[in-house]
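Engineer: Each chain, written out:
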Amino acid sequence: MGYAEELVADIGQKFLSRVMPKGSVYSVEASGLHYRDLNTLLRALGNNGAKKIEVHNIYGQRYIGTGFDQKIIVELFGTPGNDLGAFMSGPKIFVHGNAQDCCGNTMDGGLIVVHGHVGDIAGYSMRDGKLFVRDDVGYRAGIHMKEYRDKQPALVVGGTAGDFLGEYMAGGVILVLGLNSENEKFRARYVGTGMHGGIIFVRGEMSNLVSGVKALEANEEDMKFVEGLVREFCFYFGLDVDDALDGKFIKITPVNLRPYGNLYAY
Amino acid sequence: MKSYLPPEYIVYRDHERCTRCHVCIEQCTYETHYYDAKDDKIYSRDNNCTNCQRCVVFCPTNAISILKNPNTFRENANWTQEAILAIKKQAETGGVILAGMGCDKPFFTIWDRLVLNASQVTNPSIDPLREPMEIRTYLGSKPDYLEFEYNNNDVALMTKVAPQLCLETPIMFSALSYGAVSLNVHESLARAAAECGTYFNTGEGGLNSKLYGYGDHAIVQVASGRFGVYKQYLDVGAAIEIKIGQGAKPGIGGHLPGEKVTEDISRMRMIPIGTDALSPAPQHDIYSIEDLRQLICALKEATDYSKPVSVKIAAVHNSAAIASGIVRAGADIIALDGVRGGTGAAPRVIRDNVGIPIEFAIAAVDQRLRDEGIRNKASIVVAGGIRSSAEIVKAIALGADAVYIGTAALVAIGCTVCQKCYTGKCPWGIATTDPKLSRRIDPKVASKRLVNLLLAWSSEIKEIMGGMGINAIESLRGNRLHLRAVGLTEAECRILGVKMVGE
Chain A
22 MGYAEELVAD
32 IGQKFLSRVM
42 PKGSVYSVEA
52 SGLHYRDLNT
62 LLRALGNNGA
72 KKIEVHNIYG
82 QRYIGTGFDQ
92 KIIVELFGTP
102 GNDLGAFMSG
112 PKIFVHGNAQ
122 DCCGNTMDGG
132 LIVVHGHVGD
142 IAGYSMRDGK
152 LFVRDDVGYR
162 AGIHMKEYRD
172 KQPALVVGGT
182 AGDFLGEYMA
192 GGVILVLGLN
202 SENEKFRARY
212 VGTGMHGGII
222 FVRGEMSNLV
232 SGVKALEANE
242 EDMKFVEGLV
252 REFCFYFGLD
262 VDDALDGKFI
272 KITPVNLRPY
282 GNLYAY
Chain B
47 MKSYLPPEYI
57 VYRDHERCTR
67 CHVCIEQCTY
77 ETHYYDAKDD
87 KIYSRDNNCT
97 NCQRCVVFCP
107 TNAISILKNP
117 NTFRENANWT
127 QEAILAIKKQ
137 AETGGVILAG
147 MGCDKPFFTI
157 WDRLVLNASQ
167 VTNPSIDPLR
177 EPMEIRTYLG
187 SKPDYLEFEY
197 NNNDVALMTK
207 VAPQLCLETP
217 IMFSALSYGA
227 VSLNVHESLA
237 RAAAECGTYF
247 NTGEGGLNSK
257 LYGYGDHAIV
267 QVASGRFGVY
277 KQYLDVGAAI
287 EIKIGQGAKP
297 GIGGHLPGEK
307 VTEDISRMRM
317 IPIGTDALSP
327 APQHDIYSIE
337 DLRQLICALK
347 EATDYSKPVS
357 VKIAAVHNSA
367 AIASGIVRAG
377 ADIIALDGVR
387 GGTGAAPRVI
397 RDNVGIPIEF
407 AIAAVDQRLR
417 DEGIRNKASI
427 VVAGGIRSSA
437 EIVKAIALGA
447 DAVYIGTAAL
457 VAIGCTVCQK
467 CYTGKCPWGI
477 ATTDPKLSRR
487 IDPKVASKRL
497 VNLLLAWSSE
507 IKEIMGGMGI
517 NAIESLRGNR
527 LHLRAVGLTE
537 AECRILGVKM
547 VGE
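Quick note, the sequences are listed as chains A and B, same order.
According to my numbering, the residues represented by the first sequence are 22 to 287, in order.
According to my numbering, the residues represented by the second sequence are 47 to 549, in order.
The hints are simulated quantities; they were obtained by calculation from the structure and are not laboratory data.
Note that the structure is a prediction, hence the values are computed from the model and not measured.
Wrong hints could be hidden among the right ones.
Claimed, not checked - What the simulated footprint calls covered on chain A by chain B, stretch by stretch (three residues with Cβ under 8 Å from a Cβ of chain B suffice, anywhere in the stretch; the number is not a length):
| hint | region |
| --- | --- |
| 1 | 33-40 |
| 2 | 79-90 |
| 3 | 134-148 |
| 4 | 189-203 |
Stated by the list, open to error - Pairs of lysine-lysine residues, derived as DSSO-like cross-links and limited to a Cα-Cα distance of at most 30 Å, are as follows:
| hint | chain 1 | residue 1 | chain 2 | residue 2 |
| --- | --- | --- | --- | --- |
| 5 | A | 92 | A | 206 |
| 6 | B | 188 | B | 48 |
| 7 | B | 135 | A | 172 |
| 8 | A | 73 | B | 84 |
| 9 | B | 114 | B | 84 |
| 10 | B | 482 | B | 494 |
| 11 | B | 151 | B | 135 |
| 12 | A | 172 | B | 277 |
| 13 | A | 245 | A | 272 |
| 14 | A | 72 | A | 43 |
| 15 | A | 92 | B | 277 |
| 16 | B | 151 | A | 113 |
| 17 | A | 92 | A | 245 |
| 18 | B | 48 | B | 482 |
| 19 | A | 113 | A | 73 |
| 20 | B | 87 | B | 114 |
| 21 | B | 277 | A | 72 |
| 22 | B | 188 | B | 277 |
| 23 | A | 172 | A | 245 |
| 24 | B | 151 | A | 92 |
| 25 | A | 73 | A | 92 |
| 26 | A | 235 | A | 269 |
| 27 | B | 256 | B | 482 |
| 28 | A | 172 | B | 256 |
| 29 | B | 206 | A | 35 |
| 30 | B | 482 | B | 87 |
| 31 | B | 114 | B | 48 |
No residue lacks a Cβ here, since even glycine has one placed at the ideal position from N, Cα and C.
Chain A extracted, bound-state conformation:
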């Protein structure tokens, strides 16, 4: 059976005209397509051996790639809606445009690269995988990120981040580069409130520091780790590594594993 017959079996005749094969790369026309149909289509293509899928004219469809565990590359052109890649573990998603809220929500692996801004709640409770954002993320990014042994998620933000970054963070790494705001302090408030694991790196100076976290200048070993992330970041966005590594980096970690350990009378 050719790809077309199998696709028809999975998704029905009506969506077939939206798919254009180019070798193992498939091009999908998404305008006006409901997210359920779009995800069904992407899954079907993945199951039919597609390695890479380009999706054009995305207009706010939510839940793209949500729960996907297939190892496919998805290039999205346009603006995907909320919960992009939620609970996903397999795909590599490249967004040519901005992403909205809850991008990478409870993500369990894979990669999301956004050539633009991301809305609020990016990478909420990430368990693994990487989320690279070229420009800014909104409020509440990286809340309650986690880690266990080799499962160590990373959120890298090229621009700046809003308040509550890394709140209740239990693991993983957040890196804020501030590339679009040279010589400006990182102004987010409540960064790392309730943090009890993980690391937040910030390039440049910070204006606000909550109690319960400590901010030290990153040492040589830290910088090796940061450099790895920065190199990957610059690779995706075609930026200069030395520029992105220029200046000092602050490393924010919890003071104490039990920030609220003294809150209670037993």
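Start from chain A and add chain B according to the hints.
Structural biologist: Just chain B now, with coordinates in the frame of chain A:
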């Protein structure tokens, strides 16, 4: 600082009966008992005793009795013992007083003010020992109407019915997280749920892969800490529950004390060993009904619309309006947890003062959804200190589809409601993750106790139904004419939708 806190309990030991076998010393996890070699006697540190009764049960010669400390402060109707002790404790520690289990105040229980009906003369009662009684319950969204296609003598259902949970008895095990309780307790609940054809709720600590085999009987919870939530976990469960709130601590998050965060809990929750597992107060991706809809849709999309999604809220003042929003957000099940609902750890001030009794919440939510014509869109599961089959029957008559039991299930396997679950030292091996203590629960034995309880309660439910002349639990659901109130005010009766006795 010298502590001014007197012991709550005094351990009395009959030294004549005591054989110095040391069982009490071994069983107590709070180091209450100790052996004095010089006197060749066992003594007790009364201050450590929580009155969990473990030593009493295991003492082979019945030598121990635990009594409430007869020494009290000067009697005062306002300045009660509890009020004075709480202030002293806080003056010594500066801390929020923690409590385990549900609200222990007497003024919230409406069940005791409701009585059930029975058939006399005008319609015959049914003998459940002789005739089939239907207590099977389906949870999930029901269609507005059904369409059939008739072909000669064949009838085919054309309506696509939303996924349902099938319960052989309208009793499920409430959310008890792995971490709050041990893996052996989880396994006991899972085995019992599977054997009884019902469901257990994982709580928010994930489901250990050893128990994936019981996934068909698991409701997997997604809460604000998102602990143990990943694709396979969502796939393996029979239903998914979004936990917004809990009756014991409405509006606040949960802190699983670091004492309980062992290696395996750290692995499951992906947090460092020994940290408090912090569940934020809200889910930070849900600040509105619209956001809730978004998570419901995301979970359905992630699991291919194959299972019902439940939303659990604490019963609070505006539960009825909130429930309406939850149904409109696409939930298939609403779980309501009343003020007496249990917990492993909650600030006592919240536990005992925040939220409303489940009885009013059931009536208000059921009525609201009926008034709005959307009652069929979601099932209502209720929880919050249900202690007997009679309360289950009353809950269903008020409008619930099924109930969750948590504390009652734990009591069945040994818990004595000593309320110290947050210490991680549960002498009964229940509210602990200590591998040694966890072994005190044998899943084979404990699941048998749970199966027995469900069997007994199911029999009682059938017996009560038979007495009413009802042979299917569906006929009891929301049937408030089978309830009458004793000693409730007119306003209370109006909200509950029940008449006074004699009316």
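Engineer: Look at each hint and say if it fits the structure.
Structural biologist: Now the hints, each set against the structure:
1. Chain B is given as covering the region 33-40 of chain A, and this is violated because 0 residues of the stretch bring a CB closer than 8 Å to a CB of that chain, at least three being needed.
2. Check on the region 79-90 of chain A: 5 of its residues sit with their Cβ under 8 Å from a Cβ of chain B, so the three-residue criterion for coverage holds.
3. With 4 residues carrying a beta carbon less than 8 Å from a beta carbon of chain B, the region 134-148 of chain A meets the three-residue requirement, and the given coverage holds.
4. Under a criterion of three residues with beta carbons nearer than 8 Å to beta carbons of chain B, the stated coverage of the region 189-203 of chain A is upheld, 3 such residues being counted.
5. For the hint pairing residue 92 of chain A with residue 206 of chain A, the CA-to-CA distance comes to about 39 Å; that exceeds 30 Å, so the pair is violated.
6. For the suggested pair residue 188 of chain B and residue 48 of chain B, the alpha carbons sit about 62 Å apart, so the restraint of at most 30 Å is broken.
7. The straight-line distance between the Cα atoms of residue 135 of chain B and residue 172 of chain A is roughly 42 Å, outside the 30 Å bound, and the hint therefore fails.
8. A C-alpha spacing of about 80 Å is found between residue 73 of chain A and residue 84 of chain B, which places the hinted pair above 30 Å, so the restraint is violated.
9. A hinted pair counts as satisfied when its Cα atoms are at most 30 Å apart, and residue 114 of chain B with residue 84 of chain B qualifies at roughly 29 Å.
10. This hinted pair checks out: residue 482 of chain B and residue 494 of chain B have alpha carbons roughly 22 Å apart, not beyond 30 Å.
11. Between residue 151 of chain B and residue 135 of chain B the CA atoms are separated by roughly 20 Å; this keeps the pair inside 30 Å, and the hint holds.
12. For the proposed pair residue 172 of chain A and residue 277 of chain B, the alpha carbon gap of about 15 Å is at most 30 Å, so the pair holds.
13. For a cut-off of 30 Å, the pair hint linking residue 245 of chain A to residue 272 of chain A stands: about 13 Å separates their Cα positions.
14. For the hint linking residue 72 of chain A to residue 43 of chain A, the alpha-carbon distance of about 11 Å falls within 30 Å, and the restraint holds.
15. At most 30 Å may separate the alpha-carbon atoms for a hinted pair to count; residue 92 of chain A and residue 277 of chain B meet this at roughly 14 Å.
16. Between residue 151 of chain B and residue 113 of chain A the CA atoms are separated by roughly 54 Å; this puts the pair beyond 30 Å, and the hint is violated.
17. Pair hint residue 92 of chain A plus residue 245 of chain A holds up; C-alpha atoms about 29 Å apart against a cutoff of 30 Å.
18. Annotation: proposed proximity of residue 48 of chain B to residue 482 of chain B is violated, straight-line Cα distance about 33 Å (limit 30 Å).
19. This hinted pair checks out: residue 113 of chain A and residue 73 of chain A have alpha carbons roughly 9 Å apart, not beyond 30 Å.
20. As the CA atoms of residue 87 of chain B and residue 114 of chain B are separated by approximately 23 Å, the hinted pair is consistent with the 30 Å bound.
21. Among the hinted pairs, residue 277 of chain B with residue 72 of chain A is consistent with the structure: their alpha-carbon atoms are about 21 Å apart, no more than 30 Å.
22. For a cut-off of 30 Å, the pair hint linking residue 188 of chain B to residue 277 of chain B stands: about 27 Å separates their Cα positions.
23. For the proposed pair residue 172 of chain A and residue 245 of chain A, the alpha carbon gap of about 19 Å is at most 30 Å, so the pair holds.
24. A distance of roughly 55 Å separates the Cα atoms of residue 151 of chain B and residue 92 of chain A; the hinted pair therefore is violated under the 30 Å criterion.
25. The hinted pair formed by residue 73 of chain A and residue 92 of chain A meets the criterion: a straight-line CA distance of about 9 Å does not exceed 30 Å.
26. A hinted pair counts as satisfied when its Cα atoms are at most 30 Å apart, and residue 235 of chain A with residue 269 of chain A qualifies at roughly 16 Å.
27. For the hint linking residue 256 of chain B to residue 482 of chain B, the alpha-carbon distance of about 19 Å falls within 30 Å, and the restraint holds.
28. As the CA atoms of residue 172 of chain A and residue 256 of chain B are separated by approximately 20 Å, the hinted pair is consistent with the 30 Å bound.
29. Proximity of residue 206 of chain B to residue 35 of chain A is assessed by CA-CA distance (about 22 Å); at most 30 Å being required, the pair is judged to hold.
30. Note on residue 482 of chain B and residue 87 of chain B: the hinted pairing holds, with a Cα-Cα distance of about 27 Å set against a maximum of 30 Å.
31. In summary, the hint linking residue 114 of chain B to residue 48 of chain B is supported, as the alpha carbons are separated by about 22 Å, within the 30 Å threshold.
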